[in-house]
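Trainee: First to last, the sequence lines map onto chains E and W.
Sequential numbering of the first sequence, starting at 12, is according to the working numbering.
Sequential numbering of the second sequence, starting at 501, is according to the working numbering.
Hint data in this document are derived by calculation from the structure and do not stem from the laboratory.
Accuracy of the hints is not assured; some may be wrong.
Claimed, not checked - Each computed DSSO-like pair below joins lysine-lysine, with the alpha-carbon atoms no more than 27 Å apart:
{"id": "1", "chain 1": "E", "residue 1": "K20", "chain 2": "W", "residue 2": "K997"}
{"id": "2", "chain 1": "W", "residue 1": "K671", "chain 2": "E", "residue 2": "K19"}
{"id": "3", "chain 1": "W", "residue 1": "K731", "chain 2": "E", "residue 2": "K19"}
{"id": "4", "chain 1": "W", "residue 1": "K983", "chain 2": "E", "residue 2": "K20"}
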Amino acid sequence: MAGHIDEKKLFTGALVIIAFATLALVVMPYVQLKNVQAPAELKPYTDQQAHGRKVYMSMGCVYCHSQQPRDAKYAPDDKRGWGRASTAADYAYDKVHLLGTMRTGPDLLNIGARQPSQDWHLGHLYQPRAYTPGSIMPAYPFMFVERKGPAKDGEVVINLPPAYAKPGVTIVATRDTLDLVEYLKALDRTYPIKKTIEQSLEKAK
Amino acid sequence: MDGTALILLLTFLVSVTGLLVFIWSMSNGFFNTKQSASHIIFGQNEIGLVEDPASNQTNNELQEAAGETDASLTQKELSDRLIADKSTALPTFVCLLTAMCWLIVGSAAAIIASIKLHEPDWLVSQAWLTFGRMRSIHLNSVIYGWASMAGVGVSLWLIPRLLKTPLVGAKFVYWGAIIWHVALMCGVAAIGAGYTDGMEWLEMPWQVDIFIVLGGALMGLPLFLTLANRKVDHLYVSVWYIGAALIWFPILFFIANIPDLHFGVQGAAMNWWYGHNALGLWFTPIGLGAAYYFIPKVLGRPIYSYNLSLLGFWCLAFFYSQVGGHHLIGGPLPTWMVTLSIVQSMMMIIPVFAVAVNHHMTVGGNIKAVIHSPTLRFIVLGSMLYVAASVQGSLEALRSVNVITHFTHYTVAHAHLGMYGFFTLVMFGSIYFIMPRIVDWEWPHPWMISAHFWLVALGFAVYFIGLTTGGWLQGVAMVDATKPFMDSVAVTLPYLKSRSVGGGLMVLGHLIFMIHFILISLRYGTKKEPALLIPIVNIPFVKEAKVAATELNRG
Chain E
12 MAGHIDEKKL
22 FTGALVIIAF
32 ATLALVVMPY
42 VQLKNVQAPA
52 ELKPYTDQQA
62 HGRKVYMSMG
72 CVYCHSQQPR
82 DAKYAPDDKR
92 GWGRASTAAD
102 YAYDKVHLLG
112 TMRTGPDLLN
122 IGARQPSQDW
132 HLGHLYQPRA
142 YTPGSIMPAY
152 PFMFVERKGP
162 AKDGEVVINL
172 PPAYAKPGVT
182 IVATRDTLDL
192 VEYLKALDRT
202 YPIKKTIEQS
212 LEKAK
Chain W
501 MDGTALILLL
511 TFLVSVTGLL
521 VFIWSMSNGF
531 FNTKQSASHI
541 IFGQNEIGLV
551 EDPASNQTNN
561 ELQEAAGETD
571 ASLTQKELSD
581 RLIADKSTAL
591 PTFVCLLTAM
601 CWLIVGSAAA
611 IIASIKLHEP
621 DWLVSQAWLT
631 FGRMRSIHLN
641 SVIYGWASMA
651 GVGVSLWLIP
661 RLLKTPLVGA
671 KFVYWGAIIW
681 HVALMCGVAA
691 IGAGYTDGME
701 WLEMPWQVDI
711 FIVLGGALMG
721 LPLFLTLANR
731 KVDHLYVSVW
741 YIGAALIWFP
751 ILFFIANIPD
761 LHFGVQGAAM
771 NWWYGHNALG
781 LWFTPIGLGA
791 AYYFIPKVLG
801 RPIYSYNLSL
811 LGFWCLAFFY
821 SQVGGHHLIG
831 GPLPTWMVTL
841 SIVQSMMMII
851 PVFAVAVNHH
861 MTVGGNIKAV
871 IHSPTLRFIV
881 LGSMLYVAAS
891 VQGSLEALRS
901 VNVITHFTHY
911 TVAHAHLGMY
921 GFFTLVMFGS
931 IYFIMPRIVD
941 WEWPHPWMIS
951 AHFWLVALGF
961 AVYFIGLTTG
971 GWLQGVAMVD
981 ATKPFMDSVA
991 VTLPYLKSRS
1001 VGGGLMVLGH
1011 LIFMIHFILI
1021 SLRYGTKKEP
1031 ALLIPIVNIP
1041 FVKEAKVAAT
1051 ELNRG
């Protein structure tokens, strides 16, 4: 049938086009970014923080929180206290990226620097509106154990503000929740850094 | 020489090479296809004859609206078409039925997620019901369940009609569909249980993805088997779109899900290379392929400019495939990459206008025909929203607009304009055309088609207008550093509520559609004569062809 010349055009054209797009958006960034070095100030995640990061992914935090402050010249992210513009080197230990595309809530790349209190994070996860009136973040009571009577040794009890406190009930954070908070507290890229990818590559040389 | 300059130079060289190849192919008759190639979807003397099995067959108002004609099909053409339709009946039905089930699951998850955004203390005692998981269950159900399966079902059904060749390899579809659905159920359950690969659009664990690739490849195989046996000389534009989509998707999905390959910021670049190509190289070509068939076929009028449609195809393929970086404007990515994507996003205006002009000129202001054809009602509205979504998308890629709309609900509304306003409506229209041909039965209740149409059209208008407004206000508040962040949350609340209302109407429309789909599948009601294929042809003639088709199918 007509030498099936149309099929040849279709297959060749389709494959060339996807190869080109993959080259531009996957392969070239791969080549360019794979030698980016972690800044000395940035520490690898501890086991606990790495597990907390998994909890962050599993709860889908990324769908409302970005981790990529924009440049001060472009948007006033720094004025909101979210930190300087991030660079590729800031994510050197992030195997799965969590840059996010949504800010239903604030950017979290430097939440550990803004909010270093474990108490605050635990209470806020249990009931965000106890700390931020008008917040539309979901409450996560299922990440805590509620029971009558005192806490056991080694358990972390949360202390809610008086208006939200539950008298007679002890609210204990689970392992997952504590790890998540450890991860949030570790989110701190406030150290100074060279501006661009090119500069951090130069540093690597 | 420093790295960026080198890469920019390379990009430039490749673009110029691409342009030269383009000019070369133009001068070698690549696009000099005759306008008569657009007649390939019709019989010899069929132009002028309407075809919409979903329209009122008794009064035939559709033919009246399109104009009287003495056009007709020969017996051979008719029986060929019956044989083609028969060969896809069961595989397409399997795909469409499962797609419909996922549409309902996805809609339920959507409405729960939507309400949770303004009622954050609702359903908070179970992990799987939390917003972050419900949202992903919604996305994966509608993308890989509803949209992909509807797209595959419609593509499979179109191929034999376009190639005038019965489908070869239907059994691969059944196996593919089983593997795909078992994998997808596992994937969605895994997300509910908290196992995720962590990237948007790529949440399902990679162990599951292996089977998605396998199932998808099996379902795509019959296209290529049928191509090898085709009886037409020329491939109609829809075959280009659908064929390319079926080549692209498995490649995209496979590369994106290779475990332990992607890292950090490169992973983000890959994530949106995939995310936007799933739209641009998978759903969009299938939706356009269907529209390029059904609009001319229903009206009995060839596409306005066939060359323009092919030019549009290649421009879409080239430009759309590189726009992914515009999801990361202002992020920590190589500047050249984001700029490349912004440029290509603007270039998308070319193929979009090719489609807009072509569809507009083909429909040619025949609003009456659009009203009398349930298929066209959905597909023409879908095509219009395709143009709207694409132009909006190009504008959103501009840095000055993006600084406001990025990170807001505006983008969510835009994504739904593409995936729902365009793709889903085109699929609805296609299903209205196809189902009567599959089960050889008319849609039992025309009022249910109208109810479905108005509920989803009005529901989506409420959804889109509200969320777009809310998202824009959210973005404006967010870039005004004098306002506290919570202002950008508070301002969206009324619009988030209106989204739940609009979404609720859409879900109601889906439920009516589902019930109607079940009714026609069960051949509910009384059979109306004349038979559905072509109202004008006489009945014994159709019966003979049907007998021939059945015998061939047995053999």
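Trainee: Tell me, which hint numbers fail for this structure?
Mentor: Structure breaks hints 1, 4.
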